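Undergrad: Next come the chains, spelled out residue by residue.
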Amino acid sequence: MATGLNTFAARVILIGLVIHAVLLPLLFYGLLHIVKESHEERFVNDVRKYSRFVADAFEMEDAVSNERQAMRLLDSAVLGSGGVYAELLEGETWLRSGLSPPDPADVYAEDFAFGQHGDDIYFLSIPLDIPDRQLLLRMGFDEQPTIEQVKTARQRLTLVLLLYLFVSIIALVLLSTLITQPLRALQTASRNIARGDHSVKLRVDSQLAEIRELATDLESMRRELVGMNASLLEEISERKAADKLREVAENKLRQAQKMETVGVLAGGIAHEFNNILVPIFLYTEQALYDLPAESPLRVHLERVLKSANRAKSLVQQILTFSRQSGPQEFVPVDVKPVVEEALDLLRALLPATVQLHEDLTTVDCWALADRDQIHQLVVNLCSNAYQSLDETGGSIGVILDRCTVDTQFCRDHPNLRVGGYIRLSIHDTGHGIAHGDLDRIFEPFYTTRAVGKGTGLGLSVVHGLAVSHSGDITVESEPGKGTTFHVYLPEIGTGSSIRNPLRTGS
Amino acid sequence: MPSILIIDDEEDIRDALKMVLERAGYEVRVASNGNEGMALQRKDPAHLVITDIIMPIKDGVCTIKEIRQEFPGVRIIAISGGGGVAQVAYQPEAITTTAYLAAAKAAGADRLFTKPFDRNDLIQAVDDLFKVH
Chain A
0 MATGLNTFAA RVILIGLVIH AVLLPLLFYG LLHIVKESHE ERFVNDVRKY SRFVADAFEM
60 EDAVSNERQA MRLLDSAVLG SGGVYAELLE GETWLRSGLS PPDPADVYAE DFAFGQHGDD
120 IYFLSIPLDI PDRQLLLRMG FDEQPTIEQV KTARQRLTLV LLLYLFVSII ALVLLSTLIT
180 QPLRALQTAS RNIARGDHSV KLRVDSQLAE IRELATDLES MRRELVGMNA SLLEEISERK
240 AADKLREVAE NKLRQAQKME TVGVLAGGIA HEFNNILVPI FLYTEQALYD LPAESPLRVH
300 LERVLKSANR AKSLVQQILT FSRQSGPQEF VPVDVKPVVE EALDLLRALL PATVQLHEDL
360 TTVDCWALAD RDQIHQLVVN LCSNAYQSLD ETGGSIGVIL DRCTVDTQFC RDHPNLRVGG
420 YIRLSIHDTG HGIAHGDLDR IFEPFYTTRA VGKGTGLGLS VVHGLAVSHS GDITVESEPG
480 KGTTFHVYLP EIGTGSSIRN PLRTGS
Chain B
0 MPSILIIDDE EDIRDALKMV LERAGYEVRV ASNGNEGMAL QRKDPAHLVI TDIIMPIKDG
60 VCTIKEIRQE FPGVRIIAIS GGGGVAQVAY QPEAITTTAY LAAAKAAGAD RLFTKPFDRN
120 DLIQAVDDLF KVH
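For the protein sequence lines, the chains are A and B, in the order given.
Residue numbering for the first sequence follows numbering that gives the first Met the number 0, starting at 0 and increasing by one per position.
Residue numbering for the second sequence follows numbering that gives the first Met the number 0, starting at 0 and increasing by one per position.
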């Protein structure tokens, strides 16, 4: 809250005081002068009239011939006027009533002004028009009552003006409050807005039209700001979402380029590798064929053959992987029997410590697919699940069902489109995958297993297969608890109503 | 003695096949490409020809066609390195191993093998073809 001399209230009061400091003394002395003048004029007029009246009495009644009668007239003139002094002069003082004149030197002066003598007495001399006599009537009147009246008037004037000053200051304070109060309310509200609370309405209860208009304008500005803010926030979040999408797309592109490079490389390597494997197989098998059944060398040769077989299966994986980049002819396939077939094969291969649970109750799971590739996809995922189990065993669950993919899910998985999908979920109770590895498990040759325990190709092959089927694969894992893979394949209705397959990247 | 002609550009594969088939009791001769193989066949026809498909100078498919033309009674086994050639990824229309094998079959090959193959399967196939012969 603003304080000090810079505030509106302080300025108004200061200006008010300055104006009053100039005007009030002027007013005071002006008014006082008028009051004083009028009092004095009335006094002078009154005493002149009275003196004239006394002089007339002397002239008409011929009182001067009788000394006693003249003395009585003088006495009654002093008494009647409440005056202090009256005398008749003929050359020098002849008759006198009341006090002695204070300054005999001034006795014959013609005119006197009010308040000129220190004794507060007003002197007046009138020559009497009486034949044969040189008579002068001289009277003294007390100025004190008039002076007192002026003094009283001055006190009252001071009181009134002080009262006026007081009232006007109060009025100024009230006036400034009338302006500052609503301004402060607006200030508080706009500070709240600055602090981020945009919902505060800028409204004031003021009698001043200007303030009300200001508040209305500020309020419409606030609304505008709130609207702009909202649209900005929306724009930012849209841009963020777009950035995220682009980032995902860029990652996918990089991934695809990587996959393609690896695919090209892998195709060439596989060809050479198969050539190299031919003599290994042939010589080893021939040697086994030739050796007697009891020969200790058989064991060694069988080990060679086992390794060669592993190499062969690795090359097969590489080939499947490298073939993903070529065009593929998909036909409507019911995924369910393919999965069943693959599981039958796996069941024969898995040790007794591993339980295979399946839930394949969903029927008519048609997708545009390559049968063999779906078969391989199931086998790869299940053998991956099996390898994640430790020696004491565990369980592998396979579920086939349908689901609908919504916009939100598509945003996270750009390979998918909104619509119906067949979902193959494969769950294991193995050691799980560390969070940091989850992003990379579908990369070719990326493996968390010990050297020689896995090729690092199995999941990238599965990923490639899922994507080439216009689907996708997702993974959820909790280290120590297990992992679930979901493969999504676009559903195509049942057999007859086949819609066009959605190709990725087209 | 039944005779077999082996055509393959890889010496190791030729030698291994030769050894295995000789031990199985066949007379074996070898050539490193189609032209060489055809020359040998014309000079001294073998009863069965085992040929690789992807080879320099003259590839397996051409060789099979020529043999079929000149020696209609000869049995032919085509073998191919599974996987194919590097261009596959660049050219979607490029012929894959499967396509090569299909071409070999169309040209007249009796049996198809994908490298690497099992010795016993090969012997079995050769024995069968000679029985039919």
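Read the hints as simulated data drawn from the structure, not as lab findings.
A quick note: this is a predicted structure, and the numbers were derived from the prediction, not measured.
One should not assume that every hint holds.
[What the hints assert, rightly or not] Computed list of lysine-lysine pairs in DSBU-like fashion (alpha-carbon distance at most 30 Å, straight line):
#1 239/A x 257/A
#2 17/B x 57/B
#3 305/A x 17/B
#4 335/A x 311/A
#5 257/A x 243/A
#6 42/B x 17/B
#7 42/B x 311/A
#8 57/B x 311/A
#9 35/A x 150/A
#10 35/A x 48/A
#11 311/A x 104/B
#12 17/B x 64/B
Undergrad: Would the hint linking residue 57/B and residue 311/A be met if the CA-CA limit is 30 Å?
TA: The hint holds at about 28 Å.
Undergrad: Has the given pair, residue 42/B with residue 17/B, been kept, meaning a C-alpha gap of at most 30 Å?
TA: 19 Å, holds
Undergrad: Need the status of pair residue 257/A, residue 243/A: alpha-carbon distance at most 30 Å?
TA: 21 Å, holds
Undergrad: Are residue 35/A and residue 48/A close enough, with their CA atoms no more than 30 Å apart?
TA: 20 Å, holds
Undergrad: Check the hint pairing residue 17/B with residue 57/B against an upper bound of 30 Å on the C-alpha distance.
TA: It holds: about 21 Å lies between the C-alpha atoms, which stays within 30 Å.
Undergrad: When you check the alpha-carbon spacing of residue 42/B and residue 311/A, does it fall within 30 Å?
TA: Violated, because 38 Å separates the two Cα atoms, which is more than 30 Å.
Undergrad: With the threshold set at 30 Å, check whether the alpha-carbon distance from residue 305/A to residue 17/B stays at or below it.
TA: 23 Å, holds
Undergrad: Between the alpha carbons of residue 17/B and residue 64/B, is the straight-line distance 30 Å or under?
TA: 23 Å, holds
Undergrad: Taken at face value, is the distance from the CA of residue 311/A to the CA of residue 335/A at most 30 Å?
TA: 29 Å, holds
Undergrad: Would you mind confirming whether the straight-line C-alpha gap from residue 35/A to residue 150/A stays at or under 30 Å?
TA: Given pair residue 35/A, residue 150/A holds - Cα atoms ~9 Å apart, limit 30 Å.
Undergrad: If you draw a straight line from the CA of residue 311/A to the CA of residue 104/B, is it 30 Å or shorter?
TA: Measuring from Cα to Cα gives roughly 24 Å; hence the hint holds.
Undergrad: What's the verdict on residue 239/A and residue 257/A, does the C-alpha distance respect the 30 Å limit or exceed it?
TA: Holds, at roughly 26 Å.
Violated hint for the displayed structure: number 7, the only one.
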